[in-house]
Amino acid sequence: MTFLLAELAARVGGEVQGDGALRVERVAPLETAGPADLSFFSNPRYREAFEASRAGAVVLEPGAAAPAGRTVLRVKNAYLAFARISTLFHPPREPVPEIAPQAAVHPSAHVHPSAQVMPFACVGPGAEVGARSILFPGVVLGAEARVGEDCVLYANVNVRERCVVGSRCVLQPGVVIGADGFGFAFDPVGEDGSGPRHYKVPQAGNAVVEDDVELGANSCVDRATLGSTVVGRGSKIDNLVQIAHNVQVGPLSILCAQVGISGSTKLGQGVVLAGQVGLAGHLQVGDRATLLAQSGVMNDIPAGETWGGYPARPQRRWMREEALLRRLDELSRRVKALEKAAGPAAEETEKT
Amino acid sequence: MTFLLAELAARVGGEVQGDGALRVERVAPLETAGPADLSFFSNPRYREAFEASRAGAVVLEPGAAAPAGRTVLRVKNAYLAFARISTLFHPPREPVPEIAPQAAVHPSAHVHPSAQVMPFACVGPGAEVGARSILFPGVVLGAEARVGEDCVLYANVNVRERCVVGSRCVLQPGVVIGADGFGFAFDPVGEDGSGPRHYKVPQAGNAVVEDDVELGANSCVDRATLGSTVVGRGSKIDNLVQIAHNVQVGPLSILCAQVGISGSTKLGQGVVLAGQVGLAGHLQVGDRATLLAQSGVMNDIPAGETWGGYPARPQRRWMREEALLRRLDELSRRVKALEKAAGPAAEETEKT
Amino acid sequence: MTFLLAELAARVGGEVQGDGALRVERVAPLETAGPADLSFFSNPRYREAFEASRAGAVVLEPGAAAPAGRTVLRVKNAYLAFARISTLFHPPREPVPEIAPQAAVHPSAHVHPSAQVMPFACVGPGAEVGARSILFPGVVLGAEARVGEDCVLYANVNVRERCVVGSRCVLQPGVVIGADGFGFAFDPVGEDGSGPRHYKVPQAGNAVVEDDVELGANSCVDRATLGSTVVGRGSKIDNLVQIAHNVQVGPLSILCAQVGISGSTKLGQGVVLAGQVGLAGHLQVGDRATLLAQSGVMNDIPAGETWGGYPARPQRRWMREEALLRRLDELSRRVKALEKAAGPAAEETEKT
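Going down the list, the sequences are from chains A, B and C. Just so it is clear: in the first sequence, position 319 is 325 by the numbering used here, and no numbers are missing. Just so it is clear: in the second sequence, position 298 is 304 by the numbering used here, and no numbers are missing. Just so it is clear: in the third sequence, position 116 is 122 by the numbering used here, and no numbers are missing.
Accuracy of the hints is not assured; some may be wrong.
Copies of the same chain are indistinguishable here, so a pair counts whether it falls within one copy or spans any two.
Result set (DSBU-like, lysine-lysine): computed pairs, CA atoms no more than 35 Å apart in a straight line [unchecked claim]:
1. 206 / 346
2. 342 / 82
3. 206 / 82
4. 206 / 272
5. 346 / 82
6. 342 / 206
7. 346 / 272
8. 272 / 342
9. 272 / 82
Calculated directly from the structure, the hints in this document are not laboratory data. As the structure is a computational prediction, the values presented were derived from the model and not from experiment.
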């Protein structure tokens, strides 16, 4: 499948400067692109690679500088445009409607005839798989689990009993939906007097993943103690993320790798959590709030604010405190100088 | 299954104030509970929800304030009591004694006739599964692995060769018991002179999970280099936790999500590690010690103490240092003022 | 299998002091070793255990002190020597050449006749498995995935389509190679005007794991957006590690548990990342650089340097700043004393 550059420009509402008749065969990174390839430039760190690139054409923002004579496709929101073009070259996988003979589908399960169930996938009693969804090998759907339409569940994904996955969701390999939440009540004597123990609180709720959500490899969304843990519509979650019981992740949020959210915390819409962020339980994070990488959150976060550090605080305050920390050495020397100048009087005062 | 409220109160040793004849049909969260539901209140954050709740009755501590006219079940250790009542409504899963025809059980394995082995579970040579234990699809028990009685191993759990899981354990989906510990000896030349390499130290020990342990989704307990890695009786471990080779986790400990414990570290009894805590190797953590969220531990921790921060230090000290940090801006201004007051003398001294 | 101590010493180029005719039956830890066991001592924390040990012989460095009368095997790089001896007692698993009847191997796949494919492993169309490699139950190789010679892929490992694993690699249970990188372009209006969304950027590249790499349980190496994510030859990676799209890990690097590396970051050769380290995207980490545990890296790291803290800075600077922090309380008191000595003049200045 190939496209004329001008045709690609028209599809994304952009403008060609240079050879619009270029036949584009692939999209490729700046470093490895050849004369029939379309590439993408935006991050100034890669300007050198851009200038040295042998790419036939490069997608970039209207205002970005480009070497003379280079064919470019200029378009607003160039990254989005490049992503759309890349999708033309790499269309999403189509299901091959079939239940593999080595799959185990319970007689009471409902698998849509257009769906695909690969070998060693297991669909439990009363479970449902919607139209055109694909279950890779080793996927396990528990009893009465429901998966919507046009989903892809990669290898060894597990959706436990009564949990719900919406439509157009992508669950990367090893995702676990609906494991028991981490809830134990300390029992100092034991029901039978056998000594202290942690008594398991039944995790009787479920987990709901709404439409258009993506979950990264080996990420976990626990089922609620009662009610539902919810990952909101259109949210995107990276690998190895932990979402505890009764958490609510608002729609269109972005959770980067290794984030951990403790029980009952609620995220608003469009929240961004950078890598390895941790949130305590029972918090509220407002709409469009951002938490910087590795921050540790122990307070509610107001809408629209950016916080960082540990314990997390507003970014500006955190930055100023960090800057002061960097100058602590100097401050210490200045105090010493003052003490010297003040003479023994100050030192004596210090001792009292 | 329904219960009279008075009957539930009797079972947990509590007292009804209000309508003991209420027929309870479900347990439910405060927000969604209806007139036939029993709910639970303890965290003051949810007082508003408590007061607005339509729940037929609410479990709470003897001393907690409640709106007039509301039916309540008062009981000491209300959370434990509520958990016990919830268990009546949500009894643990009973095994359906069966080895699914699509399971692979080695002829030399011993599966108790009351156990359940679901499709695509694999029980290796010489492995043992105790009475009433349940293996979900995709569970893999290595050669001579042993699982005790009344265990639940959810989908895609792997217990590698010669590892041991006690009785009444719950292993959430994707748990890995007995992966090789991370041990390599640097070889600057290579056995055959082929250049530097990391030589793999055989991980010849095993991992032992004692009775009544729960492990969260995708958590890992590595096998020992020699001897055993041990998770002690009654400990509860959340999702995505890493327990390295030769670690000893004492009984009744609580490890929250994404905790990481490095090799050979020993935890006492009843230790609590909050989320994302990291411990260096070869440390000792005393009985009932607590590590606050995200702390990074590089020292032994005395019994009964609470430490936090990075590097971890006693909570009180950490809190005081954090408070001083918050006032560093002010301190800096005060030093400037002193310098101004002291005049050029101090500044000159500073330069020397 | 047993060995004379003198024979073991000869194999590793060491020297016996004491009874070279000792017949060694096992290797064992100092605490549990008996008279027919060989043990190992190096970490001074365990000197007491060394002195109390009943081990028949102990491997240690040439210069290390040992109690009189104890049989020792002295050798340079004692840990490496002990590892080699341990390998004699615990040789790596040999494959049993066979494709289990319950495995699913696509007719177009190429599995070397000396390889072993266990039950419920799935080898996709066009995939390749090299000589003597072992696929445990639940392993899934996607279409055209390639695994080299002498590899071990433990239970439930997934190598997605078109990804490559070299020779002599060990993939612990649950490893995911080639999940989609985390790339989304924000679309404020939606292609059909249906509202804001995160548009999925096709992750059309692959992931390449070079020869002699080990990856720990449930670790993830994402496929590249375009091009390849690469884990270099001989690198060793612990459990629950996240390697994002287009990352390059240089050869012979060591990544400890729960490390996270963001997209497009490049690590040189022999880099060491301690536990729970996080790196931002698009960074360069020089050869032989070391990042201390839990550090958060937002800058390029020069070759050979050791950095720590958050945000990460050179170890020496970080240590000094931490030491200053510990004395902030004292500094604060000293400023107070100076203010007292200076009298009202200073305080008035402060107010302006």
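Okay, the hints, checked on the actual structure:
In this assembly of identical chains, the alpha carbons of residue 206 and residue 346 never lie at most 35 Å apart, being 63 Å within a copy and 58 Å across copies at closest. Taking identical chains as interchangeable, the C-alpha atoms of residue 342 and residue 82 are never at most 35 Å apart, the minima being 56 Å within one chain and 49 Å between chains. In this homomeric assembly, residue 206 and residue 82 come within 35 Å of each other (Cα to Cα) only across copies, at 18 Å, whereas the closest approach inside a single copy is 54 Å. When the C-alpha separation of residue 206 and residue 272 is checked against a cutoff of 35 Å, the pair qualifies both within a copy, at 24 Å, and between copies, at 25 Å.
Taking the shortest Cα distances, residue 346 and residue 82 never come within 35 Å of each other, neither inside one copy (62 Å) nor across copies (53 Å). Taking CA atoms no more than 35 Å apart as the test, residue 342 paired with residue 206 passes in neither setting, with 57 Å inside one copy and 53 Å between copies. For the identical chains of this complex, residue 346 and residue 272 are neighbours neither inside a copy (54 Å) nor across copies (49 Å), given an alpha-carbon limit of 35 Å. For the homomeric pair residue 272 and residue 342, neither the shortest alpha-carbon distance inside one copy (48 Å) nor that between copies (43 Å) is at most 35 Å.
For a Cα distance limit of 35 Å, the shortest separation of residue 272 from residue 82 qualifies both inside one copy, at 34 Å, and across copies, at 29 Å.
Consistency note: the structure conflicts with the earlier hints numbered 1, 2, 5, 6, 7, 8.
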